[in-house]
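Protein chains in written order, with the working numbering: chain A, 1 to 136; chain B, 1001 to 1136; chain C, 2001 to 2136.
By construction, these hints were calculated from the structure, which means they are not laboratory data. Just to be clear, a hint being listed does not mean it is correct.
Unchecked claim - Calculated cross-link-like contacts (lysine-lysine; reagent style DSS-like; alpha-carbon spacing at most 25 Å):
#1 B:Lys1078 to A:Lys78
#2 C:Lys2078 to A:Lys57
#3 C:Lys2057 to B:Lys1078
#4 B:Lys1007 to B:Lys1078
#5 C:Lys2057 to C:Lys2007
#6 A:Lys7 to A:Lys78
Note that the coordinates shown come from a computational prediction; the quantities given were computed from them, not determined experimentally.
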Amino acid sequence: MARLSVKLAADGGAADITDQVQEVLEETSLEEGIVTVFMAGSTGAITTIEFEPGLVKTDLPEAMERVAPTNIPYEHRKRWGDDNGRAHVKASIMGPSLVVPFAQGKLVLGTWQQIVAINWDTRTRTREIIIQIMGA
Amino acid sequence: MARLSVKLAADGGAADITDQVQEVLEETSLEEGIVTVFMAGSTGAITTIEFEPGLVKTDLPEAMERVAPTNIPYEHRKRWGDDNGRAHVKASIMGPSLVVPFAQGKLVLGTWQQIVAINWDTRTRTREIIIQIMGA
Amino acid sequence: MARLSVKLAADGGAADITDQVQEVLEETSLEEGIVTVFMAGSTGAITTIEFEPGLVKTDLPEAMERVAPTNIPYEHRKRWGDDNGRAHVKASIMGPSLVVPFAQGKLVLGTWQQIVAINWDTRTRTREIIIQIMGA
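Only chain A is shown next, with the shape it has when bound in the complex (with noise of 0.2 Å):
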């Protein structure tokens, strides 16, 4: 198992870790098998996207916030206090957990996709990400 501490913006916040996640991979020396890549924490989330601006830094956030727009009441607000309510409801709808499958060593990606972890919290946060690798 590996960790990967990723600092990264608020509500939307995104990088891409494919190339981290394939060293991690390349260390292990396994052939064939699938890494799983998990976000540690409820308000990030881990999926696959083309790694370009335009649709991380805008279309999916935007498309996010129509899901859990930020000028609603959260009842997460009204109980604890806390601002991030739809944070937590985007984390859960697009889930904390990846799969890969890799095969002679490498991660089997399309060319134009990429692993990404998200922050969806109000805040800057430094995300922890775990790697694990099963395989022969």
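Got chain A sorted already, so can you dock chains B and C onto it with the hints?
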């Protein structure tokens, strides 16, 4: 493989199953690996969330209601007479599978991050959840 | 590792690949474990659904249209000229990976729960799907 049966209310009824998953893990005496948690059924989902009632009972269901509203026509109803089109849509988007790494026999989760089973169906359901552990 | 190539229509074209995944599983003669199904490509997704046309062709695409509408400007287009910003957004939210447990050599799925590959891209695509099986 272990199975949990959990009775959940309609339209987003949810249970924190973290402790039960951890117990299944401890019975294996495995030290490191991944736990797959899977909802058997097309109207439920597995994800993580900070399990507090504001988020679980209100904020998340209201967000998914924006995606798949109650008071619109569904083709699923026209074809099959089933009133749970919105449930299928919500479950498909969130997804039935979650994969959580573990180390030293403990699930690696954030402090406020719990494993949650959600019933999106339009009636109370006893949901079957599969836990499959791989590791060494 | 096995690969499927599936030709799918634009904007939510979908195929039930449950039988193909089960066939790949049977060729391994493994008894118990997990199957990872992965969409190679940033404009497709894998999930489960009750595979009937009302849900697959209408209800699910219409819900994702609410999240990432066709007739709004996307930054992805402004930067790259690509018309498929909405496709990337939908695919990222749904996610490319699904993990399904199996026991006695059979996928453990609900009665009305099928594994589905979805092409969110704005043109017909032959999508490559990776199947990786881990077990004993």
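Checked hints:
no.: 1; hint: B:Lys1078 to A:Lys78; result: violated (40 Å)
no.: 2; hint: C:Lys2078 to A:Lys57; result: holds (13 Å)
no.: 3; hint: C:Lys2057 to B:Lys1078; result: holds (13 Å)
no.: 4; hint: B:Lys1007 to B:Lys1078; result: violated (28 Å)
no.: 5; hint: C:Lys2057 to C:Lys2007; result: holds (16 Å)
no.: 6; hint: A:Lys7 to A:Lys78; result: violated (28 Å)
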